[in-house]
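Chains A and B, in that order, give the protein sequences.
Take 1 as the starting number for the first sequence in our numbering and just add one per residue.
Take 272 as the starting number for the second sequence in our numbering and just add one per residue.
Hints in this document: simulated from the structure, not taken from any laboratory.
Computed from a predicted structure; not experimentally measured.
Take the hints with a grain of salt, since some may be wrong.
[Claimed, not checked] The calculated lysine to any residue pairs, modelled on SDA-like cross-linking and capped at a C-alpha distance of 20 Å, are:
#	chain 1	residue 1	chain 2	residue 2
1	B	377	A	28
2	A	222	A	250
3	A	137	A	8
4	A	106	B	297
5	A	102	B	341
6	A	176	B	422
7	B	341	A	37
8	B	532	B	318
9	B	408	A	68
10	A	106	B	408
11	B	532	B	508
12	A	70	B	532
13	B	341	A	68
14	A	70	B	419
15	A	176	B	419
16	B	341	A	176
17	A	102	B	340
18	A	227	A	202
19	A	70	B	408
[Claimed, not checked] Ranges of calculated distance between the beta carbons of each label pair, as one might list FRET restraints:
#	chain 1	residue 1	chain 2	residue 2	range
20	B	295	A	84	55 to 61 Å
21	A	135	B	355	32 to 38 Å
22	A	195	B	431	54 to 60 Å
23	A	237	B	275	50 to 56 Å
24	B	529	A	160	43 to 49 Å
25	B	308	A	151	41 to 47 Å
26	B	297	A	4	32 to 38 Å
27	B	323	A	201	57 to 63 Å
28	B	469	A	269	24 to 30 Å
29	A	110	B	432	43 to 49 Å
30	A	269	B	473	55 to 61 Å
Cβ atoms here follow ideal geometry from the backbone N, Cα and C, with glycine treated the same way.
There are 2 protein chains.
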Amino acid sequence: MTKNELVARIREQQSFLCVGLDPVLERIPAFLHEMDDPVFEFNRRIIDATKDLCVAYKPNTAFYEALGVKGWESLQKTLDYIPDTHLKIADAKRGDIGNTSKAYAKAFFESLSADALTVAPYMGRDSVEPFLAFPDKWVVLLALTSNAGSGDFQMTTDAAGETLYAKVLRISQEYKDADRLMYVIGATHPDLIGTVRSLAPDHFFLVPGVGAQGGDLEAVAKQGMNKDVGLLVNSSRGIIYAGEGTDFAERARESALTLQKQMAALLSEVN
Amino acid sequence: MTKNELVARIREQQSFLCVGLDPVLERIPAFLHEMDDPVFEFNRRIIDATKDLCVAYKPNTAFYEALGVKGWESLQKTLDYIPDTHLKIADAKRGDIGNTSKAYAKAFFESLSADALTVAPYMGRDSVEPFLAFPDKWVVLLALTSNAGSGDFQMTTDAAGETLYAKVLRISQEYKDADRLMYVIGATHPDLIGTVRSLAPDHFFLVPGVGAQGGDLEAVAKQGMNKDVGLLVNSSRGIIYAGEGTDFAERARESALTLQKQMAALLSEVN
Numbered sequence: 001m002t003k004n005e006l007v008a009r010i011r012e013q014q015s016f017l018c019v020g021l022d023p024v025l026e027r028i029p030a031f032l033h034e035m036d037d038p039v040f041e042f043n044r045r046i047i048d049a050t051k052d053l054c055v056a057y058k059p060n061t062a063f064y065e066a067l068g069v070k071g072w073e074s075l076q077k078t079l080d081y082i083p084d085t086h087l088k089i090a091d092a093k094r095g096d097i098g099n100t101s102k103a104y105a106k107a108f109f110e111s112l113s114a115d116a117l118t119v120a121p122y123m124g125r126d127s128v129e130p131f132l133a134f135p136d137k138w139v140v141l142l143a144l145t146s147n148a149g150s151g152d153f154q155m156t157t158d159a160a161g162e163t164l165y166a167k168v169l170r171i172s173q174e175y176k177d178a179d180r181l182m183y184v185i186g187a188t189h190p191d192l193i194g195t196v197r198s199l200a201p202d203h204f205f206l207v208p209g210v211g212a213q214g215g216d217l218e219a220v221a222k223q224g225m226n227k228d229v230g231l232l233v234n235s236s237r238g239i240i241y242a243g244e245g246t247d248f249a250e251r252a253r254e255s256a257l258t259l260q261k262q263m264a265a266l267l268s269e270v271n
Numbered sequence: 272m273t274k275n276e277l278v279a280r281i282r283e284q285q286s287f288l289c290v291g292l293d294p295v296l297e298r299i300p301a302f303l304h305e306m307d308d309p310v311f312e313f314n315r316r317i318i319d320a321t322k323d324l325c326v327a328y329k330p331n332t333a334f335y336e337a338l339g340v341k342g343w344e345s346l347q348k349t350l351d352y353i354p355d356t357h358l359k360i361a362d363a364k365r366g367d368i369g370n371t372s373k374a375y376a377k378a379f380f381e382s383l384s385a386d387a388l389t390v391a392p393y394m395g396r397d398s399v400e401p402f403l404a405f406p407d408k409w410v411v412l413l414a415l416t417s418n419a420g421s422g423d424f425q426m427t428t429d430a431a432g433e434t435l436y437a438k439v440l441r442i443s444q445e446y447k448d449a450d451r452l453m454y455v456i457g458a459t460h461p462d463l464i465g466t467v468r469s470l471a472p473d474h475f476f477l478v479p480g481v482g483a484q485g486g487d488l489e490a491v492a493k494q495g496m497n498k499d500v501g502l503l504v505n506s507s508r509g510i511i512y513a514g515e516g517t518d519f520a521e522r523a524r525e526s527a528l529t530l531q532k533q534m535a536a537l538l539s540e541v542n
């Protein structure tokens, strides 16, 4: 998916919502457990109920790997089921030495059908560029994450006064094919979204942390939007676990609809 | 596996060698491709041929994920096949927000039979501690990696003069259950191994980069050993691809034997 296609999709759907598909067996409604692949059946119903309200889906690989081989099968089926009109983001936070990052890129971009992959920056340029070498695919680099521990290293200030997350933003924009970079910027740092936008004016941000983690959508939109919108705001637990009975997909839709309406208002207000 | 058991094993085998199991289909000998699971058959023969010469095996998950569901099956079979006398390190470089790191820990420590997992530090304390919460399991935290890009962020010096890798070493030693932390320290920084040892005197280092990446075993041992040896030196491609014909396992054994003999000499010389 190209940037122009993504932006057009956002304008059309009036939404910059990404739905996080993080299935935990214990939280999946009982009636699905009788089926052959409860995780996929859960995801399929969530996707059917929300696809006109969002522009991206983001399965986090951890929840599939926790289920072993069967989980990896569910991940593959889920990525294949997401409509091609939507950005398929594998939230895997990978990154390794060059030949190994290349193997990861093949795993997600060739063996699986992901359009985008989250990548950790700690190992530097040659751990990230192998992912960027895949045309039409996106790398979503961790910059300023949503968790409490984001302060431990990401906020470290160097001798010149630059924080580590700012350095990651600055240096990575020099990588080959950096036009296919997006950044993870947590919604739990609303005071910093404007700063981050000034450091990476043209790139999309994938913003987790709205909902269960407490981030504020309005603050994110008002400080984070650029001329191309430039935001994908993710909600996982707040949507997929909005209900827990046979009507879980309807409850998920209601929760997604609430966010989509807020987003439509923000799109007309800010732009 | 406890630290005492690992140290006893090293003394007994006269080896601190870790064999990296990074199978690439194109490099696996032709005759194995006729079998049902070439990757496992390759690993099984490497393990049989080297287990008396090493104390640990380290499959890197990238090379299994690149093969999809079948690759994850090969990974599971490989981890199950490694003898319980040897440390089973899943080189996965995971790390995410708390509930997600917990899911990854379940994936590798419960669903798979790994004893240890490599973890990336960028997201801070609450991304690492969920892995440390598993008794008898080890977390191998990236500190100073072996690749060229390790200089990009890990060498950044803060206002107080501390490099990022040194900060990772210092702060992580305060984590709950930090006695079950090891650190990834690349052999490609021989001038820094002594510094790193002074910053983490009691912890084991997993040292990649000897062999294909050019690191020097003697320099690593002389500057990196502590009273418990404290080193696991990994070689992947230098061992598993030492040969490419039907005798690949014998060639792998020869390559591992060369390293083991050097290690035996260094163990008696340094300790």
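Item to check | Numbers of the earlier hints that this structure fails to satisfy, in rising order | outcome: 2, 10, 12, 14, 16, 19, 20, 21, 22, 23 and 28
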